[in-house]
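Protein chains: 2
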Amino acid sequence: MRVTPWEVEGKIDYNKLIKEFGTKKIGEELLKRMEKLAGELHVLIRRGFFFSHRDLDKVLEDFEKGKGFFLYTGRGPTGDMHLGHILSFELVKWFQKRFGVNLYIAISDDEKFLQKRLSWEEVDKYAKRNIEDIASIGFDEDKTFIFRDSEYIGRVYKLMLKAARKVTFSTAKAVFGFTNETNVGLSFYPIYQIIPTFFEKKRALIPAGIDQDPYWRIQRDIAESLGYYKAAAIHSKFFPPLQGLEGKMSSSNPRTAIWLNDGEEEVKRKIMKYAFSGGKPTIEEHRKYGGDINVDIPYQWLSIFFEEDDKRLEEIARSYTKGEMLSGEIKMLLVEKINNYLKEHRRKKKVVEKKIRKMMYEGKLAREMWEKSFE
Amino acid sequence: MRVTPWEVEGKIDYNKLIKEFGTKKIGEELLKRMEKLAGELHVLIRRGFFFSHRDLDKVLEDFEKGKGFFLYTGRGPTGDMHLGHILSFELVKWFQKRFGVNLYIAISDDEKFLQKRLSWEEVDKYAKRNIEDIASIGFDEDKTFIFRDSEYIGRVYKLMLKAARKVTFSTAKAVFGFTNETNVGLSFYPIYQIIPTFFEKKRALIPAGIDQDPYWRIQRDIAESLGYYKAAAIHSKFFPPLQGLEGKMSSSNPRTAIWLNDGEEEVKRKIMKYAFSGGKPTIEEHRKYGGDINVDIPYQWLSIFFEEDDKRLEEIARSYTKGEMLSGEIKMLLVEKINNYLKEHRRKKKVVEKKIRKMMYEGKLAREMWEKSFE
Numbered sequence: 125m126r127v128t129p130w131e132v133e134g135k136i137d138y139n140k141l142i143k144e145f146g147t148k149k150i151g152e153e154l155l156k157r158m159e160k161l162a163g164e165l166h167v168l169i170r171r172g173f174f175f176s177h178r179d180l181d182k183v184l185e186d187f188e189k190g191k192g193f194f195l196y197t198g199r200g201p202t203g204d205m206h207l208g209h210i211l212s213f214e215l216v217k218w219f220q221k222r223f224g225v226n227l228y229i230a231i232s233d234d235e236k237f238l239q240k241r242l243s244w245e246e247v248d249k250y251a252k253r254n255i256e257d258i259a260s261i262g263f264d265e266d267k268t269f270i271f272r273d274s275e276y277i278g279r280v281y282k283l284m285l286k287a288a289r290k291v292t293f294s295t296a297k298a299v300f301g302f303t304n305e306t307n308v309g310l311s312f313y314p315i316y317q318i319i320p321t322f323f324e325k326k327r328a329l330i331p332a333g334i335d336q337d338p339y340w341r342i343q344r345d346i347a348e349s350l351g352y353y354k355a356a357a358i359h360s361k362f363f364p365p366l367q368g369l370e371g372k373m374s375s376s377n378p379r380t381a382i383w384l385n386d387g388e389e390e391v392k393r394k395i396m397k398y399a400f401s402g403g404k405p406t407i408e409e410h411r412k413y414g415g416d417i418n419v420d421i422p423y424q425w426l427s428i429f430f431e432e433d434d435k436r437l438e439e440i441a442r443s444y445t446k447g448e449m450l451s452g453e454i455k456m457l458l459v460e461k462i463n464n465y466l467k468e469h470r471r472k473k474k475v476v477e478k479k480i481r482k483m484m485y486e487g488k489l490a491r492e493m494w495e496k497s498f499e
Numbered sequence: 125m126r127v128t129p130w131e132v133e134g135k136i137d138y139n140k141l142i143k144e145f146g147t148k149k150i151g152e153e154l155l156k157r158m159e160k161l162a163g164e165l166h167v168l169i170r171r172g173f174f175f176s177h178r179d180l181d182k183v184l185e186d187f188e189k190g191k192g193f194f195l196y197t198g199r200g201p202t203g204d205m206h207l208g209h210i211l212s213f214e215l216v217k218w219f220q221k222r223f224g225v226n227l228y229i230a231i232s233d234d235e236k237f238l239q240k241r242l243s244w245e246e247v248d249k250y251a252k253r254n255i256e257d258i259a260s261i262g263f264d265e266d267k268t269f270i271f272r273d274s275e276y277i278g279r280v281y282k283l284m285l286k287a288a289r290k291v292t293f294s295t296a297k298a299v300f301g302f303t304n305e306t307n308v309g310l311s312f313y314p315i316y317q318i319i320p321t322f323f324e325k326k327r328a329l330i331p332a333g334i335d336q337d338p339y340w341r342i343q344r345d346i347a348e349s350l351g352y353y354k355a356a357a358i359h360s361k362f363f364p365p366l367q368g369l370e371g372k373m374s375s376s377n378p379r380t381a382i383w384l385n386d387g388e389e390e391v392k393r394k395i396m397k398y399a400f401s402g403g404k405p406t407i408e409e410h411r412k413y414g415g416d417i418n419v420d421i422p423y424q425w426l427s428i429f430f431e432e433d434d435k436r437l438e439e440i441a442r443s444y445t446k447g448e449m450l451s452g453e454i455k456m457l458l459v460e461k462i463n464n465y466l467k468e469h470r471r472k473k474k475v476v477e478k479k480i481r482k483m484m485y486e487g488k489l490a491r492e493m494w495e496k497s498f499e
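Chains L and P are the protein sequences, given in the same order. If you want our numbering, it's the 1-based position in the first sequence plus 124. If you want our numbering, it's the 1-based position in the second sequence plus 124.
Honestly, the hints are just simulated from the structure, not real lab data. Bear in mind that the values here come from a model prediction, so they are computed numbers and not experimental data. Just so you know, not all the hints are guaranteed correct.
Identical copies carry no separate label here, and so any pair may be met within one copy or between two of them.
To be verified - Pairs of lysine-lysine residues, derived as PhoX-like cross-links and limited to a Cα-Cα distance of at most 25 Å, are as follows:
(1) 182 with 361
(2) 249 with 290
(3) 191 with 143
(4) 249 with 496
Only chain L is shown next, with the shape it has when bound in the complex (with noise of 0.2 Å):
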């Protein structure tokens, strides 16, 4: 197991994750917290997917004492979008509407331009699709804020020149694996990644795969000597690619993933061809000793997002491990819920030109948000 910001590799142990990076579980307690608080869970919470934390009870007790909190959360724009990047995105979308609150969404073009060899116009034309694909997710367009690192960079650079000060290039070292060799733009950007945390004179939360931890240590460092809150974060595990457990689902491999773009019968023959089988090679040995839900992928996929009805799950995990659902089975009813979600979202994105504007410059948050200037 090796797990950094740059690199995650072989089976994930993740309570000797939480211990590792000094994290919490989020356990029975504050689930239930968060339940009543909420009226319901996330299936991405109930599920465990999201299953640590840093600050999350505070920010709950935030919550209950009426001075709220917000989110943030973004996307770097290298490529187009694929069902791993969603999941966050899924998540604030549910806190947002069950706790009322406003979020924040960067694009940080900056960082893809400086880190990666893509040119200015490819990343460009990323970061509008992957606005595209967001915001046709469905936030509340009076309190979400959209925005591209590079468009927005006039309201925070006095503020960020304020978190500069306070972080050598030594500390960038340690915690982002920068070399001599790393680009002076690229040494800069963490700092820019940092100031939506101060958006508000409130708590963030940020949902993350646990692997971001350590970008929020310098957050949390600096914080409280510029008089805003440490950023609290709560922590996804890895999804899983389409080959197997181990690893996460990467863009530099397209058969690892379904992409928000993929057609019906792309994902059909992903999926039936790619996606990872617990099932036994032979109808007659799957029928006699049963699939192995553990490292059956499809079954994965379900459990951790798309099959959100408890009481199916279960009878899908019944079946298939008494071998009288099929491996093909199984994957049918994968393919037909990435189908319907995405048949969903190709509806949200086909009139989604008027809530990026909302949500990008006309709306409530994001007409503030224009208006201000942090220093």
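Fit chain P to the given chain L structure using the hints.
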């Protein structure tokens, strides 16, 4: 002798510096060519205070061919300005007037906040006061753009990203003396310093102390690969402090300098008391042996800038060297010249508000610059 962008010590051998920095002396031929184009030579050039250059010949060639060039200079707002600070502004004023070109003046509030232990409020205060002094010098209000880095960042950030991708921390360390303990903001700043050299697709001519030359090495390394010109420079010697010819006038020691806001009595008091004299200890000895203009600060200051009349300066040199003119008399000549200069400066400063507005926002060039975005 020790000359780096962050340290100037000892008695300076300027011919040695030309060799060490790999620049070129401004020779007779170049002086004649400039005089022919400009109709005259500015005192700072004529007397050799600006003595070295990079590509000044190419700048003149571009001008001769009708392609033109532009001027770029700046100010780091760490305190009030002294006489040593205005010389390069006087020179660009002359260049602008004689060649009719655009002038860009960067106020690097970001750099100074990142570099010094000043609060933002202090940097902000000095930025405003420095802009008043600079604008009072008197530039073409439709061909001059004065901008504060922190305010203009939104228009240049994308171009900064492109430049930043070409500069590693390693290079920044070598050129600027950064270390691992340098903050990540300051390590990014040099990119901003480079950007104004890309404001036009022409050659930028930068007047600066020769110690600042290494700062432009990075610009000259990356400019052409980004589709722009290598910056040209015209280098000055160091304006000597009141106490004598070694080192340079320093903001951190108020006694070494005359400030633009020093009153008439203060100017007189400082020069009479602190200006290093090349005169003899007693009047008798002075009458007999004469003064040494080579070390006499009042004579040096008159020669560098404050006595424009060559014949009068020659007469002063003759008479002081012969002992006819006393140390107190040459000092009073300088007091009068400086007080006249500062009186005129104060007069212009009283009506500077409108000029500032034009050069920062409403003049022809300023409006063009605010409408633009650099990529």
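The hints, checked one at a time:
1. 182 with 361: within (22 Å within a copy, 60 Å between copies)
2. 249 with 290: For residue 249 and residue 290, the Cα distance is within 25 Å only across copies (22 Å; inside one copy 34 Å).
3. 191 with 143: Classified as neither: same-chain Cα gap 30 Å, cross-chain 65 Å, threshold 25 Å.
4. 249 with 496: between (27 Å within a copy, 21 Å between copies)
In terms of the numbered hints stated before, the structure departs from hint 3 and from no other.
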